[in-house]
Amino acid sequence: MATIAAPSYASAGDAYAENTGIWSWITTVDHKRIGTLYLWTALFFFLVGGLEAVLIRTQLAQPNMGFVSAETYNQLFTMHGTTMVFLAIMPLSAAFFNFLIPLQIGARDVAFPRLNAFSYWVYLLGGIFITLPILFKVAPNGGWFGYAPLTTNSFSAGPNIDFWVMGLQILGISSLAAAFNFITTIINMRAPGMTLMRMPMFTWMSFVVQFLLILAFPPITIALFFLLMDRFFGTTFYAIAAGADPLLWQHLFWVFGHPEVYILILPAFGLVSEVLPTFSKKPLFGYNVMVYSGIMIGFLGFGVWAHHMFAVGMGAVADSIFSMMTMLIAIPTGVKIFNWIATMWSGEIRFTVAMKFAIALIGMFTIGGISGVMHSSPPADLQQTDTYFIVAHFHYVLFGGSIMGIFAGIYYYYPKMTGRLMSETIGNWHFWLTFIGMNLTFFPMHFSGMLGMPRRIYTYDAGQGWDLFNMMATVGTYILVVATSFFVVNFLRSRTRGAVAGNDPWGGATLEWSIPSPPPEYNFAQIPEVTSRYPLWDLKAPEKTAGIDHSHADAMTITDAHAVPVHEETERHTAKELGIPMPLPTAKPLFTALSLVVMFCGLLFMRNDMFAVAMTLILGGAASMIAGLYSWLTSPLE
Amino acid sequence: MSHDKQAAHTHPTGWTYIKVGVILTLITAIEVWAYYVPALVASPLFNPALLIMSAAKFAIVVMFYMHLKYDHKLFKALFTGPLIVAMGTITALLFLFHQLSIRF
Amino acid sequence: MSMLRLRQAAPALLFAAVLLVLTACGETEYPNSTFNRHTDLNTSIDALWDRLLFWGTIVFVVVEAALVFTIIRYRKRPGGPAAKQIHGNAALEITWTAIPAVILVLIAVPTVKTIFETQAPAPAGALRIEVIGHQWWWEFRYPELGITTANEVYVPVGRTASFELKTIDVLHSFWIPQMGGKRDLISNKTNYMWFTPNADLGTSAWNGFCTEYCGSSHANMKFRLFTVQPDEFASWAAHQAKAAVFPGGGPAAAAPATTPVVPAAASAQQPTVLPTEPMGYVFPKEQLPAHVVPRTPIPAGLTFDDALLAGGDPTRGIQAFMLGGCIGCHAIAGNPMAISPIGPNLTHVASRHTIGGGLFPNDGAHLARWIKNAKKMKPGALMNVIGIGEYDPIMKRPMSQGGLTDQQIADVVAYLMALK
Amino acid sequence: MSSHAAAAHDDGHAHHHYTTTGLDNRKIAVWAFIGSECMLFASLISTYLIYKGRSIVGPFPHTEWVNEAGRVFKPILDIPVTSASTFVLLMSSLAMVLALQAVQLKGVPLPADAGWWTRAQRSSKGWLLMTALLGTTFLGFQAYEFTSFVHEGLTIKTNLFGSSFFTLTGFHGAHVTVGVLWLVTLLFIDMKRGLAGPADELNVDIAALYWHFVDVVWIAIFTLVYLIQ
Ligand code: HEA
Ligand code: HEA
Ligand code: CUA
Ligand SMILES: [Cu+2]
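Protein chains in written order, with this note's numbering: chain U, 1346 to 1983; chain C, 551 to 654; chain H, 15 to 434; chain A, 510 to 738.
What the hints contain is simulated information worked out from the structure, not anything from laboratory work.
Be aware that one or more of the hints could be misleading.
Chain A stretches covered by chain C per the calculated footprint, using a threshold of three residues with CB under 8 Å from any CB of chain C [unchecked claim]:
no.: 1; segment: 600 to 612
no.: 2; segment: 687 to 701
DSS-like cross-link-like pairs, simulated, lysine-lysine; straight-line CA separation at most 30 Å [unchecked claim]:
no.: 3; chain 1: A; residue 1: Lys615; chain 2: C; residue 2: Lys623
no.: 4; chain 1: H; residue 1: Lys180; chain 2: H; residue 2: Lys98
no.: 5; chain 1: U; residue 1: Lys1482; chain 2: H; residue 2: Lys389
no.: 6; chain 1: A; residue 1: Lys583; chain 2: A; residue 2: Lys634
no.: 7; chain 1: A; residue 1: Lys634; chain 2: C; residue 2: Lys569
no.: 8; chain 1: A; residue 1: Lys701; chain 2: A; residue 2: Lys615
no.: 9; chain 1: H; residue 1: Lys127; chain 2: H; residue 2: Lys90
no.: 10; chain 1: U; residue 1: Lys1921; chain 2: U; residue 2: Lys1933
no.: 11; chain 1: C; residue 1: Lys569; chain 2: A; residue 2: Lys666
no.: 12; chain 1: H; residue 1: Lys256; chain 2: H; residue 2: Lys434
no.: 13; chain 1: H; residue 1: Lys203; chain 2: A; residue 2: Lys666
no.: 14; chain 1: A; residue 1: Lys701; chain 2: U; residue 2: Lys1933
no.: 15; chain 1: H; residue 1: Lys390; chain 2: U; residue 2: Lys1482
no.: 16; chain 1: H; residue 1: Lys299; chain 2: H; residue 2: Lys390
no.: 17; chain 1: H; residue 1: Lys203; chain 2: H; residue 2: Lys180
no.: 18; chain 1: C; residue 1: Lys619; chain 2: A; residue 2: Lys666
no.: 19; chain 1: C; residue 1: Lys619; chain 2: A; residue 2: Lys634
no.: 20; chain 1: H; residue 1: Lys180; chain 2: A; residue 2: Lys615
no.: 21; chain 1: H; residue 1: Lys180; chain 2: H; residue 2: Lys256
no.: 22; chain 1: H; residue 1: Lys410; chain 2: U; residue 2: Lys1482
no.: 23; chain 1: A; residue 1: Lys615; chain 2: C; residue 2: Lys626
Have a look at the derived ranges for each label pair, beta carbon to beta carbon [stated by the list, open to error]:
no.: 24; chain 1: C; residue 1: Val591; chain 2: H; residue 2: Ile108; range: 52 to 62 Å
no.: 25; chain 1: H; residue 1: Ala140; chain 2: A; residue 2: Ala593; range: 24 to 34 Å
no.: 26; chain 1: H; residue 1: Gly94; chain 2: U; residue 2: Pro1981; range: 55 to 65 Å
no.: 27; chain 1: U; residue 1: Gln1407; chain 2: A; residue 2: Gly662; range: 51 to 61 Å
Beta carbons are placed, not taken as given, at the ideal position from N, Cα and C, and that holds for glycine.
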């Protein structure tokens, strides 16, 4: 591990930016800084969602508790789900997309830096838009999949659902814009020699996710648009009186909803696929199969959505087809699990905190996967659906999968982002408490579920046989609070007090470890020539990896030693000094994003028949958005 | 970029575009004509025939006017992949809502 | 190393846990357990579940064991062997693609078989029961028997009960864990579900839940299912089908249905005689298992002078029942004024054990408070506030005229309690 | 390789930069966008077809309806008019592709003996203008269609058919509108400084891809919504 003294930086790139003030963050188009913004914002929302969970669990600690009212509870679980899915995990993944992908493929930035900034600002504003109402007790209360007709005017007259509909609409814009950006980046910004089959696994999984995003979001956009039209302009898409079919919403939602769950997990899979090889001192086992299984999972993910609807009476044929499609997905996922284990097999495993989280993902996700397969059998699922057994399933895959993987990623890449390592001591506390806490929280839910406890109930009667399991879950949650607090402390204090990292603290194999930590704004002083999947390992110990890769004969020999300089950079240059043109900072993306959100706010007033206000906001927002776009597109990038 | 140039050269000329336009118009004409012949509308082949014709038009425009026939294969992938998913989804949904049935 | 010990323990823990559940099907400590074979439906489901659990456990143990072994065996040790630079192994990868595939086939085949079994049309001679979901209570109708009741449904053992599920508002889901899987109630659609309680299943009571989120009181949308012997069912059904027996004796149906009966005038002189015995079978209160008796606490700040209940007069209650506007929503066969289908049918309300969607036991104290301020008793309840002085969120002011005094409420309670 | 290789960026600078595939970033992004749009219209079209024949009150697309007042509503879809507008949109695609060709041919010297057609093909302004005009005509047809439907008693609130029909075709109309604005902008630039060179070829190419896609969507709508019964 590098021990040379280097200054530490509040965040990526600061050392090089002309100024590091707040304005430089508002106007930044640097993918690393945008990644950092995503990370901080998403972690904040994770705490918010967690806090909501803590309130949920407190209310459920015992039968007939009066800790929160029914209405508050319904808002809490709706916002908990919505927050965790759309405001915590997706943007946490986005943080890694932003920070990592260009570094891993040897690029100086993403394809559309300003669009990238735009995505972030839309996400931030959308997040605020959908979260603020909870402070005024008018938060969305229709559940995270907002089934019609409950969400229509006739049954939800208040503004609660409006916030949800528009909030998700806004967040969708952010995700879509980002997805087009990363698709282009990965296809077109790879350094010379970085063939698709040499891309690091995280980049590969992210690549798959971007396609899931551009294909999964349109359906929910449309479903939400229908709901919006119903609520604001009296259309009949979900109007029972007009003969509407409530299953339309369910299908459109889950056509999005199931790919969405793979959007949530694949980035985590990618991250552990980076962590496991490094700390096993071995290349990833079966790289090609890992790639194909990832693609398989993504593709099959579009053919299974109705497994969320086994109870609606689709008929035996449909049930059977979706059941079998769903089971199929277990196969590529299993391949990943086994290949990860094989990656560690006959390696030299170092139990860093990052590695522990990665290993935990394998163990915990498998549990969630197995319960998933149990749901995939419709007759059995009819006893499971809408009970805590489901809640157990998706927390094992989401917390035991996504969150574990993301924590692994944070511990692993924190030094690259900040130049300093996180404390392993505090990290161990964080890991063990999380590991114990999550199992104590979610494992009992398998039992309460199969023993008849429905989900989404704000209270339950005594003597139903659920008391013990609920108390366990609540205690587990408090342990998770402590665990998370350790993380928060570690995350904050390591920025200034962590050990200095140097370029390559872990002995990584991929390009990002060849450059200083934090990387200069231009990332690579010289764009590397890539000749293998593990350029740095080839460089450090060619004999170790040489020629073993079946996939390319040439893969493991490095031609140009200058391509990936591993020597610690002592003195650093700004882009100016090196004459590297960098995109100019600009607030135009923020301005455009702001106008967009103003437009949506305008709609809100439409319903409180404040027509004038509404129109001013909508038209004003539209005008300034067009103005913003125009000056954005007509101003030079560099 | 260099690629774009070659592409530009392999592009068909104005006349090809005109011919394609004529073909499109003809197919449309047939479709509309068929719509007004009760005998055809009654026949079980009416809908399939219409679908095939519009699929043909769809393909022609994409291949010639959008140059997918001549352009980089990457673009083919970027378009056909999603198109397949989309078609699959429509079909599945229509079955699920009994607007399509196995026999036909 | 503590990590390793814990990880080794994990599979053992799961096994223990699994066994716990499998043995823990005792009605007493786990009254809503899904692990039982009380009906044909749940027998096939439970068989399927056992298979899923079996393979699931095997996969779990194999994966976790391999994982734990690997991380112990190959942890970095001073002087330990250097990492082998393996990039993959086609044979292995094919193996662990194939094995799961085989397991899945072993799951898929019985799955599909069971799907078609359980979704076949109900056998002939099944007892038809219409289930209609309302925010947040259940309406049950026996179309062949002319019975309409609420929140409590009786089925005879040994005979197939075939449920026709509908909703008048949002989506709900019909679930009795001990009887089998659930089915959603979908607007503009009728869903079907049937099961046959085993003939040897004793007379007993089961919990039912709404399992599709349906708004504020989703948690409070419960019901009870009573599996009873055929003769008991016959007696119950015969009585439930009759009109309410009126205070003062004699079925009100006898009164000319055209002109509204004013029994108060008639019965003002002689004290009203109340039927003491239920005229048909009702699941005996004293035999109710604990888990079907609601223990929901009465919300704070809802006071009622219970002393008044003793002096409640059913006859005056009838007027109060009209004054309070109860007839706006409730039907009572035998009371020509009360014919509205909006709320629960109260014809034999006194023969039920719970009120408010299984939320409270059906006794004077709870009933009175419910009538006084249902919205306080049950979040979001759609029943109007009736007690004078109670705040009415719809009118946005305390209830004044058009409301009922505690005394009048006591009378209404007396009236309803008479409807055995 | 230039010192700032791989630092390709948006806004037309792309051409001066190294890219992995040699293709331009924006063209890749646009194709990805079109892929995504497939799912968008798939959802809209599915909804229309799912709700087809499920409306409980008229007017209906292909069948007559008599309301309780005894008023007769004829089948509401107007095939002749729509056929015309469909033809117009098809022709706009032709004009569009010729506009692109015109820009691409700017570099190639015009042979001395070039006939009128060869010359005509060089007029990017002309073809752009024609495309925009045809697009506007299509919108005109749609405006006419919508208003006449409203007069015949079909609004977005009337029934499932009304809601899904207006939303589907409205979404498409919105796309056409955006396209027309885009074309007008290009035309404006062409008049100001003339569109020429790789960068401009790309600008037109991208606009064309979008325009053709909107046309392709209409081809599907015309058959699925208007012709199939
Ligand atoms: C990260 C998110 C994530 C992931 C990855 C998954 C993965 C899977 N999910 Fe899950 N799921 C959710 C998130 C996720 N799910 C959420 C949020 C819900 C609830 C939504 C709501 O209602 O609110 C849900 C609900 C849900 C349902 C609906 C339940 C119901 O409501 O009735 C079903 C039904 O089939 C299901 C199935 C599966 C399956 C089969 C997988 C598979 O992909 C799992 C595959 C993995 C394995 C099987 C383990 C590893 C494999 C091996 C070791 C090989 C050998 C294994 C076997 C042979 C079994 N999930
Ligand atoms: C990735 C997604 C994700 C994550 C990580 C979690 C995390 C947790 N969730 Fe879950 N949950 C969902 C997604 C997620 N959830 C979804 C989609 C639903 C369905 C919603 C619906 O039905 O519509 C759901 C529903 C759901 C329910 C069911 C509610 C119901 O049906 O009535 C419950 C109940 O226990 C629950 C609990 C928890 C708990 C205890 C955690 C814990 O893991 C939380 C742990 C996190 C923390 C404890 C952080 C907070 C810490 C602090 C605030 C202290 C530190 C702060 C400082 C030092 C500043 N969640
Ligand atoms: Cu009814 Cu939940
Ligand atoms: Cu799913």
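Each hint tested on the structure:
1. Check result for the segment 600 to 612 of chain A against chain C: holds, 7 residues qualifying (beta carbon to beta carbon below 8 Å, three or more required).
2. Check result for the segment 687 to 701 of chain A against chain C: violated, 0 residues qualifying (beta carbon to beta carbon below 8 Å, three or more required).
3. This hinted pair checks out: A/Lys615 and C/Lys623 have alpha carbons roughly 26 Å apart, not beyond 30 Å.
4. About 63 Å separates the Cα atoms of H/Lys180 and H/Lys98, which puts this hinted pair outside 30 Å; it is violated.
5. Between U/Lys1482 and H/Lys389 the CA atoms are separated by roughly 19 Å; this keeps the pair inside 30 Å, and the hint holds.
6. Straight-line distance between C-alpha atoms of A/Lys583 and A/Lys634 comes to about 44 Å, which puts the hinted pair past the 30 Å bound.
7. Note on A/Lys634 and C/Lys569: the hinted pairing holds, with a Cα-Cα distance of about 22 Å set against a maximum of 30 Å.
8. At most 30 Å may separate the alpha-carbon atoms for a hinted pair to count; A/Lys701 and A/Lys615 meet this at roughly 16 Å.
9. Proximity of H/Lys127 to H/Lys90 is assessed by CA-CA distance (about 50 Å); at most 30 Å being required, the pair is judged violated.
10. With a C-alpha separation of about 23 Å, the suggested pair U/Lys1921 and U/Lys1933 falls inside the 30 Å cut-off, and the hint holds.
11. Straight-line distance between C-alpha atoms of C/Lys569 and A/Lys666 comes to about 43 Å, which puts the hinted pair past the 30 Å bound.
12. A C-alpha spacing of about 11 Å is found between H/Lys256 and H/Lys434, which places the hinted pair at or below 30 Å, so the restraint holds.
13. Annotation: proposed proximity of H/Lys203 to A/Lys666 holds, straight-line Cα distance about 22 Å (limit 30 Å).
14. For the proposed pair A/Lys701 and U/Lys1933, the alpha carbon gap of about 26 Å is at most 30 Å, so the pair holds.
15. At roughly 19 Å between alpha-carbon atoms, H/Lys390 and U/Lys1482 fall within 30 Å of each other, so this suggested pair holds.
16. Distance check on the hinted pair: H/Lys299 and H/Lys390 sit about 27 Å apart at the alpha-carbon level, within 30 Å; holds.
17. With a C-alpha separation of about 7 Å, the suggested pairing of H/Lys203 with H/Lys180 holds against the 30 Å cut-off.
18. At most 30 Å may separate the alpha-carbon atoms for a hinted pair to count; C/Lys619 and A/Lys666 exceed this at roughly 43 Å.
19. About 26 Å separates the Cα atoms of C/Lys619 and A/Lys634, which keeps this hinted pair within 30 Å; it holds.
20. Taking the CA atoms of H/Lys180 and A/Lys615, the gap is near 68 Å; set against the 30 Å cutoff, the hint is violated.
21. A distance of roughly 25 Å separates the Cα atoms of H/Lys180 and H/Lys256; the hinted pair therefore holds under the 30 Å criterion.
22. With a C-alpha separation of about 19 Å, the suggested pairing of H/Lys410 with U/Lys1482 holds against the 30 Å cut-off.
23. With a C-alpha separation of about 27 Å, the suggested pairing of A/Lys615 with C/Lys626 holds against the 30 Å cut-off.
24. At roughly 54 Å, the beta-carbon separation of C/Val591 and H/Ile108 lies within the given 52 to 62 Å, and the hint holds.
25. For H/Ala140 and A/Ala593, the Cβ-Cβ distance of about 59 Å falls outside the hinted range of 24 to 34 Å, so the restraint is violated.
26. A hinted range of 55 to 65 Å holds for the C-beta pair H/Gly94 and U/Pro1981, which are about 57 Å apart.
27. Take U/Gln1407 and A/Gly662: their Cβ atoms lie about 59 Å apart, and the range 51 to 61 Å holds.
Hint check: violations occur at hints 2, 4, 6, 9, 11, 18, 20 and 25; the rest are consistent with the structure.
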